[in-house]
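Top line first, the protein sequences correspond to chains X and H.
So that you can map any letter, position 172 of the first sequence is 196 in my numbering, and since no number is skipped, the others follow by simple counting.
So that you can map any letter, position 31 of the second sequence is 112 in my numbering, and since no number is skipped, the others follow by simple counting.
Hints in this document: simulated from the structure, not taken from any laboratory.
Some hints could be false.
With a Cα cut of at most 20 angstroms, we get these calculated SDA-like pairs of lysine to any residue [unchecked claim]: (1) H:Lys214 / X:Leu30; (2) H:Lys214 / X:Ser75; (3) H:Lys214 / X:Arg46; (4) H:Lys214 / X:Ala76; (5) H:Lys237 / X:Pro232; (6) H:Lys214 / X:Ser71; (7) H:Lys237 / X:Arg74; (8) H:Lys214 / X:Pro232; (9) H:Lys237 / X:Ala63; (10) H:Lys214 / X:Asn70; (11) H:Lys237 / X:Ala72; (12) H:Lys214 / X:Arg74.
Covered stretches of chain X, going by a simulated chain H footprint (3 or more residues, C-beta under 8 angstroms) [as the list claims (entries may be wrong)]: (13) 31–38; (14) 258–266.
Given the structure is predicted, the values throughout are model-derived calculations rather than measurements.
Ideal Cβ positions, reconstructed from N, Cα and C, are used throughout, including at glycine.
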Amino acid sequence: MEAWRLADLHAYVDDCLAPDERLAFEKQMAEDPALARRAATWRAQNSAIRSAFDGEGPRAFPISIVRHQNEIPGKGRRPASAGARPSREPSRPSLSNLDEAVRAAADVGEESAFRTLPLWRLGVAALFVGLLCLWSPPAPVFPAKRLAEAAAAGFRAFVRPDVAPVDFVSRDSGESQQWLTARLSRPVYLPTPPGAISMIGARIAPYPGAPAAFLVYRAQDGLAGLLVRPLDAPSTRAPELIAAEGRDAAVWTWRGQGFALVGDLDAQSLLKIANDLFEPAAGAAQAIPDRGS
Amino acid sequence: MPPLNDSLTDLSDLRRFGLALTRDDRFVLDHAAASALVERLFRQASFEAVDASAGCDAKVIAREDGRVRAFAQFVRLYRRHVRRLTLDDGEGWDESAESARGKAASAGIGMAAAVRALPLEFRETLLIVVLAKLTHREAASALDISLATLVARLTKARERISALTRAPTAAETAGAAAPSVPHLRVVK
Numbered sequence: 025m026e027a028w029r030l031a032d033l034h035a036y037v038d039d040c041l042a043p044d045e046r047l048a049f050e051k052q053m054a055e056d057p058a059l060a061r062r063a064a065t066w067r068a069q070n071s072a073i074r075s076a077f078d079g080e081g082p083r084a085f086p087i088s089i090v091r092h093q094n095e096i097p098g099k100g101r102r103p104a105s106a107g108a109r110p111s112r113e114p115s116r117p118s119l120s121n122l123d124e125a126v127r128a129a130a131d132v133g134e135e136s137a138f139r140t141l142p143l144w145r146l147g148v149a150a151l152f153v154g155l156l157c158l159w160s161p162p163a164p165v166f167p168a169k170r171l172a173e174a175a176a177a178g179f180r181a182f183v184r185p186d187v188a189p190v191d192f193v194s195r196d197s198g199e200s201q202q203w204l205t206a207r208l209s210r211p212v213y214l215p216t217p218p219g220a221i222s223m224i225g226a227r228i229a230p231y232p233g234a235p236a237a238f239l240v241y242r243a244q245d246g247l248a249g250l251l252v253r254p255l256d257a258p259s260t261r262a263p264e265l266i267a268a269e270g271r272d273a274a275v276w277t278w279r280g281q282g283f284a285l286v287g288d289l290d291a292q293s294l295l296k297i298a299n300d301l302f303e304p305a306a307g308a309a310q311a312i313p314d315r316g317s
Numbered sequence: 082m083p084p085l086n087d088s089l090t091d092l093s094d095l096r097r098f099g100l101a102l103t104r105d106d107r108f109v110l111d112h113a114a115a116s117a118l119v120e121r122l123f124r125q126a127s128f129e130a131v132d133a134s135a136g137c138d139a140k141v142i143a144r145e146d147g148r149v150r151a152f153a154q155f156v157r158l159y160r161r162h163v164r165r166l167t168l169d170d171g172e173g174w175d176e177s178a179e180s181a182r183g184k185a186a187s188a189g190i191g192m193a194a195a196v197r198a199l200p201l202e203f204r205e206t207l208l209i210v211v212l213a214k215l216t217h218r219e220a221a222s223a224l225d226i227s228l229a230t231l232v233a234r235l236t237k238a239r240e241r242i243s244a245l246t247r248a249p250t251a252a253e254t255a256g257a258a259a260p261s262v263p264h265l266r267v268v269k
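Could you put together the complete structure from these sequences and hints?
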């Protein structure tokens with residue numbers, strides 16, 4: 025096979041051709057069954073590779089990485105291990121080190137056995153325990169504002185009078201999930217809508233970096249839009265209400281996805297719907313088996 | 082400063098690519114070890130990608146460039162990591178690929194095993210295109226190779242995978258099932 029034809033075949037299989045080039049190549053394939061067979065084989069191979077390694081994607085990075093990514097590193101700042109030679113095994117304590125450690129531990133034990141604890145140390149310990157009882161972990165770091173702004177912009181652009189707000193009309197959450205997964209070429213998990221709202225359908229919305237899923241629901245007081253996109257952040261405890269683009273938006277994360285709900289509703293109604301969407305989803309997280317090894 | 086952090090918001094592709102690439106059944110055998118390695122390389126790659134862009138004009142650098150740059154740094158660091166491990170083992174760079182391939186060079190193995198059995202240069206090329214979904218131009222840039230080399234590697238990788246994942250023929254099955262003749266010598 026000629027080199028240019030082989031390059032086009034790979035480009036076709038990997039979806040790298042422009043629409044007109046794609047049409048032209050499909051015409052060539054119609055005339056050449058061997059070429060079409062090879063393209064089909066490689067396409068099937070691509071799908072098999074993606075499904076073989078698919079379990080790795082939806083799992084979130086540890087929070088340390090999310091924080092590291094959200095901060096802006098200054099020039100010249102490097103991790104401590106940047107220049108260090110990678111080692112395959114953790115360093116093992118040598119025999120002399122181990123001996124010293126054992127001796128030090130024995131010394132500490134002897135000292136503490138004969139020493140009375142000063143009162144101020146007890147006070148500090150009590151204060152520490154008290155603070156532990158009052159302390160709550162900080163909220164997870166995720167780009168809530170950006171999600172809310174994208175959802176508000178999507179809602180303003182798509183939900184307009186006399187314009188169909190969705191590309192895929194369906195009241196069924198499962199159908200919409202399948203459609204979005206196929207269109208976005210990645211797993212999309214949708215929450216089951218509560219009884220107070222009904223789904224109108226789904227569409228693709230723009231988002232920096234990669235497109236997002238956008239769902240439109242009908243509530244009693246008006247319409248609501250839900251933006252869903254993959255996000256490497258831990259699940260939030262509950263939806264949070266924030267203002268974006270002159271609207272209220274409820275944002276939360278779940279199962280490696282970020283959600284932002286906006287609509288023609290007042291803040292309280294929006295938050296109630298968001299909570300209803302969030303709670304079954306959070307409960308279902310236990311039921312969905314984790315993929316991958 | 083280019084919006085590198087924005088461009089790296091969607092890390093799932095890099096992570097999926099990294100986990101698939103690093104778990105090679107030779108140095109990295111399980112998911113936990115692969116995760117630890119990917120995390121370390123990712124941190125280092127993102128720092129170096131930011132540092133590399135610090136001297137450039139922010140207007141020139143597009144958001145997609147940041148993503149490609151992060152992949153390029155990751156691939157470079159992983160190649161260096163494997164090269165060091167291979168040298169520590171007292172083997173050459175190419176021999177590592179050959180020995181890994183030899184372990185799984187039987188027809189009819191699973192897709193994941195077939196991908197892991199590919200030599201590193203084929204594995205990284207195939208995975209960056211198929212799993213990370215970089216365009217051919219971006220993939221060539223990230224791997225620091227020409228488009229022609231990328232196409233050649235993709236062809237070889239796909240053909241090898243086809244050969245490895247096809248069901249074994251009757252002759253191969255019979256050959257595998259036949260007991261090997263022991264090389265024994267009668268000693269009086």
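Quiz item: Which hints from the list above does the structure break, by number from lowest to highest?
Solution: 5, 14
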